[in-house]
Amino acid sequence: MLTLNVNGNEHLIDGVEPSTPLLWVLRDNLNLVGVKYGCGVGQCGACTVWIDGQPVRSCSFSAVAAAEHAVTTIEGLAGPDKPLHPLQQAWIDLDVPQCGYCQAGQIMSAAALLKANPDPTDAEIDQAMAGNLCRCGTYLRIRKAIHAAAKAQRDGGNV
Amino acid sequence: MAESNRSFTNDSFLAQYAAESDRAPQSMPFTVAKIGRRRFLQMTGVAGGGLLLAVGTGWPGKAAATAKSAGTFTPNAYVKIAAGEIVIYAPNPEIGQGVKTSLPMIVAEELDAAWDDVRVEQARIDKDAYGGQVAGGSRSVPQNWDGLRRAGAVARAMLVSAAAARWGVKDSECQTRDSVVTHAPSGRSVGYFDIANDAARLRMPDAAKVPLKSRADYRLLGTRIPGVDNRAIVTGAPLFGIDQVLPNMRYAVYQKCPATGGRVASANLEEIRKLPGVVDAFVLDGNGEVNGLMPGVAIVANGTWSAISAKQQLKIRWDESAAAKDSWNAAVAQADKLAKGNGGNVVSNKGDVDAQFRAAAATVESTYRYAFVSHAQLEPQNCTASYRDGAIELWSPTQTPQQGAEIVASVLSIPRDKVTVHQTRCGGGFGRRLTNDYMAEAAAIAKRIGVPVKLQWTREDDMAHDFYRAGGFHAVKGAVDSAGKLSAWQHHFISFANDKGEAVVGGQMSEKIFPGELVANYKLMQTNLPWETQCGAWRAPGSNVFGFVVQGFLDEMAVAANRDRVEFLLEVLGEPRWMATGDSWRLNTGRAAAVVKLAAEKSGWGKTMPPGRGLGIAFYFSHAGHFAEVAEVSVAPDKKITVHRVTVVGDVGPIVNRSMAENQCEGAVIDGLSTMMGLKVTFEDGRAQQQNFRDYPILRMPNVPEVDVHFIESDNMPTGLGEPALPPLAAAVCNAIHAASGLRPRTMPISEEGFSI
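For the record, the sequence lines run as chains F and G.
Here the first sequence is numbered in the working numbering, starting from 1 and rising by one per residue.
Here the second sequence is numbered in the working numbering, starting from 160 and rising by one per residue.
With the rest of the complex left out, here is chain G (with noise of 0.2 Å):
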C-alpha cells in the first residue's frame, strides 16, 4: 500500500479557508467604471439602454493585473438603470445565508433607490470580471459592503449630475430619494429611469472621494426585507442545482468505496446495464483526489429513479489496500489515555501556570469530547453537466463556484476557459459546499456519457461522503487563587491530523481561542491522533466545538471560585480592549462586555428560577462577531431536558437586513441545539455508520425553543451573520443544564451521556 495516498484530508483549498475565515480579509480597493455596452452585454447578456455601472471590490492582485492589461479594472457587481428597472447583480453564492438580497440592499442604499424598483439577478461566474465569488467565512457583507456603497453612491451622483444638468443647476442643490431626483427651490423632480440615458453619457466621479451616507440617513439598511426569491420558494419555481433540466437530458448516480480510497476491482456492470431505464454503467478511476475524483461506479439513466433502482443492485468488490481504515471507538480510547497524560506539543506557554496551580486556591480538572458530524444540508449533493466539443457547461449549487470550475477543468484535462459554471440556489451549505467532488463526478461522467447529465446523490450518499466536521478530545485543568480570580487555565487538545502531519480543518487551537489572550498564566498543548477520512468546515470550523469547551469550562471555574458565572465571566474579559485595534476579526472586550450584559439583562439573569431549572450563559468571539447567548433549560430526573428560551445578543456592527440577520440568529440556535442533542457520525473500518436522518436526528419543531434577537448596533464595520452565532450556544445550554440540574455535560452530542430533549 502506498503511504501517500493513506490520508485524505490534506485539502489545501479548505486549510487556507480554515485559517483565512479566522482574519479580517485582505482591504481591497475599489474601483468603479462606466462599462461599455459590448463588454457589458458580454458579461451579462442583457441588452437595454440606460446608465451601466460596473463596480470592482476585486482582490488587490486581480486588480492590479487587470489594470495593467486591459487599462481598466474589470469589475465583479453591476448596477444596471434602465426602462421601468433598476438591475443589480449579486454576486455571491446564495446558501440560505440571505446574500441574494442583503448584497444588493447596499447598492441600493446609497442609490437612493426605490427598493420595489429594484430587480436581483444572480451575476455569472467570472472571476476575471468578479474576483472571488465564494460563500464562505460570513466574510460575503464585510468583503463587498464599501465597493458596493460606493456603486451606488456614484451611480446616484451621476443620477444628479444629469439632472442638474437638464434643469441648469447645481449638483448639491438637488436631493434623491425613492429612484427619484428632486430639486427642491424649483420644484422640479425626474424619475432615475428618465435621467438613466443623459447619466450614461457623464464622466464618472472619483469612487473614492464619492460621498456616502450616515448611518442616521439610512432608509433601507437595517429594515426588514423579505428575500428576493421568496415568492419562486413558496409556488416551487425551479430554483436550485436539483431543479435544473436540460434538453435530452439523463439522469445518473455515482458509487463510490463507504472507505474513502476504495478502489474498484470489480462490479456486475452487465447485469446493471440491463436493468429497465438503464442507458449505460462505467468505471471510473479518478484522480484521487477527495475534492476531485475518486473512484466508483457511474449508473446513467431515463430517471432518477431508474439510476436509484439500478444502484441498490450493485454489487462491487472494493480493492481497499490503499482505503480509510479509521475507527471512532479506537480513536476514544487512545485519547482517553493521552488525556490522563501529561501533555502533548506545546502550542503557546505563557506566565506560569505550575506555579499557579500550586498556589490555587481551588483547581478544577475535566475533559470534553465530541463526535463527528455531517452538513446534512437538505439538498442533497447534485451536478448537471453539458459536454460537448471539449468544453463542458455546468449547473451547481455549490459555495465555490470558481474552484468547482477549476477541480472540473483538472479532471477532465482541459483548458480553465472550457468550464463555464452557472451557480443557483443552493438547498443548504453550511461549508459542505465548499468543496466540489460532486461536480467533478458530473463532469467526468457526462464527458463518457456524451449527452447531458444530471448527477443525483441520494442522501446515504451524502452521509457516507461528506467532509466531516472532526471529533476532539481536550483535558482542561484551571485555578482559582484566594481571591476567587481565574489565575491558571492549562489546555490539552487532542485532535486529529493526516500522515504529513496537518490538522484537520478546525482542528488546530491556537492562544486566540479564549481565554488564551486573557489569562496571564496559559498552557495549551496539542496532540493529533491519525486521520484518514476526509475533513471540512462546518459552519463556524473549530469555534463550533471551542466554544462548548472553552465556555464550558469557564463554567466550571465559576462555580469551583463560588462566584455568580456573568460576573466571573465580565472579570476574565477584563477592561475595555481591543486584541489589534482596527481589526474587525480580533477579539474586543469591550464588544464582549457589551453583549455579555445584555444578555444577562434580558434573560432576566438572576431571577427565581423553580426546581429543575436554571440559567446557563456563554459568550464566543468568531467570523468577526461577538455573541453572548443565554439559555432557559429545565431538567427533568430522568434528563429529559426542556430548552424553553435562548436568549441571543450580538455585536457585528450595523444591521444590514434586520429580517435575515434575526432569522440567521434563530437558525444558528436551532443548528446548534441539534447537533449538540443528538448528531454524531462514527466511523468502524472507514465507515461512516450512520446513513439518514433515522439515524441522524435533526431537531424537528416541537422542540424547539423560544429564540429573542437583540442587536447591539456598534459603528464597527458590519460583518456577516452565517456562523457566529452558533458557537456559544451548546455551553449556554450545558451551564444551564448545571445550573438546573448540577448535571454538567461533557459530551457532545449529549446524548452519548443519556440526556434526551
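Excised from the complex, chain F in its bound form (with noise of 0.2 Å):
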C-alpha cells in the first residue's frame, strides 16, 4: 500500500509497482490528469509537479520515492481558499496557450521560479523556463505573463 500526500489529501493506493513514475499514479490513480505526458525521459517538462514545493518530472520520479513528502499538481496550485493563482489568472488575461497541453506543466514550473524570485529577470525566467517545451511556441507569451504575475504578486502582497 502506498500512502501519497497530494494538495494536502492523504491517499491510500493499492497495486502500484515499486517502477512506476508518480506521474501515472497521479494520472491513472488518483486522476488528477492536469499533469501531462509528453516525453518520459524528462525532457519536455509537461509533467511538472512540486515534490516539497520544489519542480520535478513526474515522469522520471518514482511514485514511491514521492510518499514521504508533499506532492503539489496544478490542481492544486491555487491551493483551498483561492480559485487561481496569479499566474493561472496571467495565463488566461495574456490569453497564453495555443493547444494548451504543456500550459499546466510550465506554470508550475513558473510558480517555483517565483516563489524563490519574486521579480525574475528575461534570463532567470528563460533559465528557469527552459526544460520546459512548448510545441506551439507560446514561449514569448509565457514569459510576458510570468512578469505580469510576479507584478501581481508583489502588488497583492500574497501567494
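FYI, nobody ran anything at the bench for these hints, they're computed from the structure.
Ideal Cβ placement from N, Cα and C applies to all residues, glycine included.
Be careful, since some hints might not be right.
As the list claims (entries may be wrong) - In silico lysine-lysine, DSSO-like type, Cα no more than 30 Å apart, as pairs: (1) 144/F to 509/G; (2) 577/G to 144/F; (3) 82/F to 115/F.
Said to hold, decoys possible - Covered stretches of chain F (chain G as the covering partner; in silico rule of three or more C-beta atoms under 8 Å from a C-beta of chain G): (4) 2–9; (5) 30–39; (6) 56–62; (7) 97–109; (8) 134–143.
Join these two chains into a complex; the hints should help.
Next up, the structure:
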C-alpha cells in the first residue's frame, strides 16, 4: 500500500508497482490529469509537479520515492482558499495557450520560480523555464505572463 | 515479396488534402433554418427552451442530398438562446489554432451578443448534421465565414422582429447591442433571453438577404478574446484525448515494426502476459493500411505504466520481407548525383531559359537540401474506445474525426453508423492528426478485449510511426541580365514518390510556386526517388520547404545582381495583379508588395548594422495568406547565431481574433526557427533514427527571438492563420545569416552546416 500526500490530501493506493513513475499514479490512480505525459524521459516538462515545493519531472520520479513528501499538482496550485494562482490568471488574461497541452507544466515551473524569485529578469525566467517545451511556440507570452503575475503578486502582497 | 505492399505513401486522403489546401474551398451555399426541438435534442443532447437556430454551410453535394431526402437542409452549427446564456456550437476540431473561440466570435458579432453571455460548446461529430468537420489547410475561418455570419444575423433579425412586434413598432426602428434590443424613440429595451421564446415562434427571414454588418460596425471581430478553454487549461481540468476516463477502463500500448510494413513473426506473449498488471497481450494482423491498422503486438494492462513497462520487455521477431528499407544516406547520394545532371521530367517550361542563360550578365547555380521531420505534437497519439454489441464509441484527439470514424468502421467491418466519435481538444496537430492510425488501433484492441480501453503511444512510438514531412533536394539556376533584372529561373526538384509514381504529400512542385508565375523564362523539372515510409502533411505542406529554397535563392540572385534585396523582390513581384481575380487562394502581387514594403519599414530595413549582424527578408504566399518576414540575426565566428527579432507582416484579410492571430504568427516563427535550426529525422533500413526530444531538439525559451507582428487588414475574405506565417521564416533567417556573415546556409536543418543557436 502506497501513501501519497497530494495537494494536502492523503491517498492510500493499492497495487502500485515499485517502478511506477509518479506521473502515472497521479493520472491513472488519482485521476489528476492536469499533469501531462509528453516524453517520459524528463525532456519536455509537461509532467512538472512539486515535491515539497520543488519542481520535478513526475515522469522520471518514482511514486514510491514521493511517499514521504508533499506533492503539489496544478489542481492544487492555487490552494484551497483561492480559485486561481496569479500565474493562472495571467495565463488567461494574456491568452497564453495555443493547444494548451504543456501549459500546466509551464505554470508549475513558473510558480516555483516566483516563490524563489518574486521579480525575475528575462534571463532568470529563461533559465528556470528552459526545461519546459512548448511545441506551439508560446514562449513569448509565457515570459510576459510570468512578469505580469510577478507584478500582481508583488502588488497584492500575497501568494 | 509482393511489390504492391512495398509502398506506404499513397494515402489518397492525404494526397487530396494536399491538393485541396492550395485551392479555394468550394463555394458553399448556406442555409439557416429554425430546427425542431426533437431534431435539435437528437443532435446536441441539450434540453431547454428558447430560440434554436441552425445554420448550414455544408458541402454543396450534401446540402442537395439532405434537402431532397428530408425537405430541409441539415445544418452544421447552432445558436441556442435560452434563459441566461447564448450557446454557440463550435464545429471544427481545436488543435491550438483557436477555432473553438474564433468561429463562435463570428456568430456573436452578427448576433450582437455580449461575449460574456456566450458559452461555447464543442459540437458533436455528425457529418449529416455538420458537413465536413476538419482542422486542416487553414480553412476553418474562410469555409465557415459566410454561413456563421448569416447565422448570427438571422438570429438577430428574429430577436428584433419579436421585440418590435411586442412593442408594436417597426423592426427598422430597433437596434441591438450586447444581447439587448432597444427601441430608442420610446426608450424601451428587452434582453435577448426575455424575447427568445417570442422569436422562436417567428418565421425565418431569408438568410441570403439578411443584412450583414460592415466592418466599420464590428465590435467583437478584430478584438482580443482569450481562448474559451483557457481556464480549464490552466487549472488542469480534463480536456484532451489523453484525459478521457471510462468506467472499468483498461490501458493499452501497441508495438508496430519500426520499419513500416513489417509483420509479427513471433513474440514472447506468454512471458508478457505474466508481467504485473498485464491483462492480455496479443498480435493484430491489421489491414495493411498505414492510415488504418498495421500489424503489431497489443498489450492491455491495469495502468498505463504496467503497459509501457511490459512493452519494454517485448521480444518480437519481425518478418520484414515486405517492410520499408528506406535509407536517407542512400537518397542523399542519389540526389547529389542527379543534381549534377541535366534535369528531370519537365513540369513547366516558359520562354527560353537557355537563351537567357547565354545572354546573362551573371548566373548562379546552387543546390538546396532539407531532411525529413516529425510533427512532434506534444500530446502523443492516444484514443479511448469502448466496443459493445457491434458498436463502438471513441474519444479521439484528431483533426479529421469523420474520416477517423470511417477508418474504424472499415477496420472493424461494422457499418459507419455503428461508430460514434467524440472530438476532444488536441494537444497539437500540425497535420499529424489528419491521419487516424491510432484510432484504428484503439478500436481493434477494444473490440478484442471487450472492455473500454485507452490506447497510449509513447513518444518513441510517435517518432517511429509519424507521417513525416518529406525531405527533398533542389538544384536551381538563375540568370540576371545586364540591367540587373532576374531574367531566367531553372529549377530541378528531386523529391520522393511511391512505387506507383505518386509524389509524397507536399513533394510535388508546380509553376504556381514562386516565382513560376512571375518570371517569363522559367523551367521546372522534377525527379522522384523511390520512398516507402509514409509521409504526410506538415504545417503548410510543400510551402514550408519551398519557401526556404525559392526565397533563399532569390536572395542569391539579388546579391549576384548587386541589388538591394527588397527592391529586387518587389521588382520580381512586378505590377499589382491577381493571378486569378477573386480567388483568395491565388497570389495577388499587390497584396504581396504591400506586406513586403511594410515588413521592410517596420524592421528598419537599410539601417546600419554592427559587424556580424544583418537583416534578411523573405516573402511567401500560401493558404491564401500573403506574408513577408524580416529576421535580424547575429552570427559569431564559430557559426553560433542569435536571432534577435523577427518582423512579421501578413495579409489574411480582416482579423477575427487579434489575440490568437498574433499568437499563431509568433508560434509559426518559433516553429519555423526550431525546425530549420536543428530538427531532422533520418532513416536507415526503413527505421527512423531519432527517438525522443533528446535527439529531436525542439527550440526552448532561451533561444526565441522577439516577434513583432503586423497585419494589413485588406478588404478580402478573412482566411486562416495556422500555416501561412511559417513558410517565409527559414529563408528570412538564412538570408540574414548571409547578410551578417557572407555564409549561405542551403541545408535544413542548418545545424548540418555547423550552425548552432
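Query raised in the report: How about the region 56–62 of chain F: do at least three of its residues have a C-beta closer than 8 Å to a C-beta of chain G?
Result: With 0 residues closer than 8 Å to chain G, the region 56–62 of chain F misses the three-residue bar; violated.
Query raised in the report: Would you say the region 30–39 of chain F counts as covered by chain G, given the rule of at least 3 residues with C-beta under 8 Å?
Result: holds (count 9)
Query raised in the report: Within the assertion that chain G covers the region 134–143 of chain F, do at least three residues meet a Cβ-to-Cβ distance smaller than 8 Å?
Result: holds (count 10)
Requested in this report: Closer than 8 Å, Cβ to Cβ, for at least three residues: run that test on the region 97–109 of chain F against chain G and report holds or violated.
Outcome: holds (count 9)
Report task. Could you grab the alpha-carbon distance between residue 577/G and residue 144/F and see if it respects the 30 Å cut-off? Result -> The hint is violated at about 48 Å.
Query raised in the report: Taking 8 Å as the C-beta cutoff, is the stated coverage of the region 2–9 of chain F by chain G satisfied by three or more residues?
Result: It is violated, with 0 qualifying residues against the three required.
Report task. Compare the distance between the alpha carbons of residue 82/F and residue 115/F with 30 Å, and conclude whether the hinted pair is satisfied. Result -> Holds, because 17 Å separates the two Cα atoms, which is no more than 30 Å.
Query raised in the report: Taking only the CA atoms, is the gap from residue 144/F to residue 509/G under or equal to 30 Å?
Result: Status violated; Cα separation ~51 Å.
Violated hints, listed in ascending order, are 1, 2, 4, 6; each of the other numbered hints is respected by the structure.
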